[in-house]
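Student: Given next are the chains, with one letter for each unit.
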Amino acid sequence: MIRTEELLLNVGPQHPSTHGVFRIVLKLDGEIIKEATPVMGYLHRGTEKLAEQLNYTQIIPYTDRMDYVSAMTNNYVLVHAVEKMMNIEIPERAEFMRLIVMELQRVASHLVWWGTYLLDIGAMSPFLYAFRDREVIIDLFNELCGARLTYNYMRVGGVKWDAPSGWIDKVRDFIPYMRKRLKEYDKLVSGNEIFLARIKGVGIYDAQTAIAYGLSGANLRCTGVNWDLRKQEPYSLYERFDFDVPLSFNGDCYDRYRIRIEEIVQSLRILEQAVEQFPSEGETMGKVPRVIRPPAGEVYARIESPRGEIGCYIVSKGKAEPYRLKFRRPSFVNLQILPELLVGQSMTNLITILGGVDIVVGEVDC
Amino acid sequence: MTELLQQALTWQNGLIFLGWAVLFLFIVLGFVTYAIYFERKVIGWMQFRHGPTRVGPLGLLQSVADVLKLLIKEDTIPQKADRALFILAPIITFVPAFAVLAVIPYTPSLYFADLHVGLLYYAALSSLSTIGIILGGWASNNKYSLIGGMRSAAQMISYEIPLVISVVGVVMLSGGLSLRTIVEGQGNNFWEWNLLPQMIGFVVFMIAAVSELNRTPFDLPEAESELVAGYHVEYSGFRFAFFMLAEYVYVFAIASLTTVLFLGGWHPPLAILDFIPGLLWFMLKFVFVVFFLFWLRATMPRIRVDQLMSFGWKVLLPLALINIFVTAAYIELFLK
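Read top to bottom, the protein sequences are chains E and F. Just so we're aligned, residue 1 is where the first sequence starts under our numbering, counting upward by one. Just so we're aligned, residue 367 is where the second sequence starts under our numbering, counting upward by one.
Any given hint could turn out to be false.
To be verified - Below, in silico cross-link-like pairs of lysine-lysine (DSS-like), each with a Cα-Cα straight-line distance of 25 Å or less:
#  : chain 1 : residue 1 : chain 2 : residue 2
1  : F       : LYS509    : F       : LYS446
2  : E       : LYS326    : E       : LYS231
3  : F       : LYS509    : E       : LYS27
4  : E       : LYS170    : E       : LYS180
5  : F       : LYS509    : E       : LYS200
6  : E       : LYS326    : E       : LYS49
7  : E       : LYS84     : E       : LYS49
8  : E       : LYS319    : E       : LYS160
9  : E       : LYS231    : E       : LYS49
10 : E       : LYS27     : F       : LYS446
11 : F       : LYS509    : E       : LYS34
12 : E       : LYS84     : E       : LYS160
These aren't lab readings, by the way, just hints derived from the structure by calculation.
With the hints as extra help, turn the sequences into a complete structure.
Tutor: Pasting the structure below:
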């Protein structure tokens, strides 16, 4: 009689495919996963508690460090929440700047996802191609605010820096460049038989499950739920622009892949229109009191980050510091479905599914 | 060489053989050093990088520096590892890699042994390396390396069979298992090589060969994104270097074997180019095959284990069998 045991395998916290310090404890039968327990918190820095001692402008750099792949959208959700509380008018030029950097950031973030996802699946080159193109965006940000990753760019009432001369033209030039590249990537990757065989039909869930778990972003839209906050609850200037929300209906990793690629295309469309309509003159900071003291009360603001719905909930007692601040981080919420998806899958699919969810551990642990 | 082989073994002959073997060892080691350099450069260029540039002119000494680093590293053996097997595993992987090179003919006169069962010898010895990989995976007492080793076992068994069966067609055409006979059976024009008549066999052989080499897209035993490094997770220093060395010597061996079996060995692609020495033609084809392997690595994602198995058994094996049947029919109808 052969005795077989379950193999308890500890994946992470130091593992090349967990995208940072994230750990999953697996019970394996051969290579089939019987049970998966994610362990989080290795990157917990207590951002929300720290924020209670800081005034609102001081919190902005902390948001950069949550989702460090998409710092601009994090900046925005905080300043947007405060502005909503205080009813601050934002100058048009500032709002345009915000929108342009957010959409550029979405493209950059999806590129990082695309590159690392293919690296997870075993293809090395796309990773370097993606980072080369992201570099163009990073350089644009660098020129704008002097930072490559943690920008600290937005302020309550506007943005810190105006666009340097010629910056908008560079953004304009970037759009056709990126479109050309996307076509190349489609040729190289999207038609690759091995790649398709790896991701088609893997990690399927339906719309009901997705909604029950509170998924958002591409993880929700791949099940056919038309939910994009840029359309559903337009913030910033998104109402002015013409773009589509890519949808698909199978709910597998391939659909999530397609949606993210399609979102880059749509972001480029928004950018194209935004650059055309960009006001040639104007203020970049609205009228804001020197010390920001929102009136006592509560506010919840949410926007569409590249990873899904990022929200900021502020309780103010009328002081310069928030009484309580809470971020709804899409990576954290999207990750909750993982144990359910993994059961019955193989070791290899673990990487495919985890990568497909698109997490940033800085945001999961916050 | 032929005369030497036919003489009785004396001290003098033995020494000459030893001298040749040592010389050849250095050629192969030189190849491995620069194959790694070449791989890093080629893949670097494909990915808009420079590859190694720092050590030596154009980075030519990079691999030398890497090997040196590996040699002076501390030799660690995990406490709970099976010591004897752990030490034995890299050797078992590494020795057959060199042993298979003996039967490969480079030119009509340059070869070490003209065995009548050359091809069989190659297939038999190269599959021994798998045992080393499984042993290494088992003896490390690490779960990742165990999974890597087991994957390797499954993969090798599944792909050894189509690999051997795919060359049966070549053997049928040339009428012998000796690699020298096989090359001599091919002609001085590229349509007289085994490449075109044995197209199916060639494709199956190439795919199975890449899998045998554990290279992308079949690098599952060391799949870095899942298994970190697979069977050699716990190995460091020169023991790790032995595994790597074996891997690259097999690249050398498979590229030579492909050249011999399908690309006409030392024969030129067109009869009018006959004035160029055969060794040069051999090297050219050989480098092309090596380049092809590196090229694959820069392009392909990794296949999944279950897909690998079904592909090996359900696609490659039937194709190889069909190839035998077609070749047999061809010989029966046209060559008799």
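Student: Would the hint linking F:LYS509 and E:LYS200 be met if the CA-CA limit is 25 Å?
Tutor: Since the Cα atoms of F:LYS509 and E:LYS200 sit roughly 28 Å apart, the hinted pair is violated (cutoff 25 Å).
Student: Decide if the proposed pair is consistent with the structure: F:LYS509 and E:LYS27, CA atoms, cutoff 25 Å inclusive.
Tutor: holds (12 Å)
Student: Please verify whether E:LYS319 and E:LYS160 have alpha carbons no more than 25 Å apart.
Tutor: Answer holds: E:LYS319 to E:LYS160 is near 23 Å, not above 25 Å.
Student: Does E:LYS49 lie within 25 Å of E:LYS84 when you go C-alpha to C-alpha?
Tutor: holds (22 Å)
Student: When you check the alpha-carbon spacing of F:LYS509 and E:LYS34, does it fall within 25 Å?
Tutor: holds (16 Å)
Student: Measure nothing beyond the straight line between the CA atoms of F:LYS509 and F:LYS446; if it is 25 Å or shorter, mark the hint as holding.
Tutor: Status holds; Cα separation ~12 Å.
Student: Check whether the Cα positions of E:LYS231 and E:LYS49 lie no farther apart than 25 Å.
Tutor: Judged against 25 Å, a Cα distance of about 32 Å means the pair is violated.
Student: Hint check: E:LYS27 vs F:LYS446, CA-CA at most 25 Å. Holds or violated?
Tutor: Holds, at about 22 Å.
Student: For a C-alpha distance cap of 25 Å, please report whether E:LYS326 and E:LYS231 respect it.
Tutor: With Cα atoms ~24 Å apart, E:LYS326 and E:LYS231 stay inside 25 Å; holds.
Student: Verify the proposed pairing of E:LYS170 with E:LYS180, using a straight-line Cα cut of 25 Å.
Tutor: holds (16 Å)
Student: Would the pair E:LYS84 and E:LYS160 pass a check requiring their Cα atoms to be no farther apart than 25 Å?
Tutor: holds (19 Å)
Student: Just to be careful, I want the Cα atoms of E:LYS326 and E:LYS49 compared with a cutoff of 25 Å; is the pair within it?
Tutor: OK: E:LYS326 and E:LYS49 at ~9 Å, within 25 Å.
Taken one by one, the earlier hints fail for this structure at numbers 5, 9, listed in ascending order.
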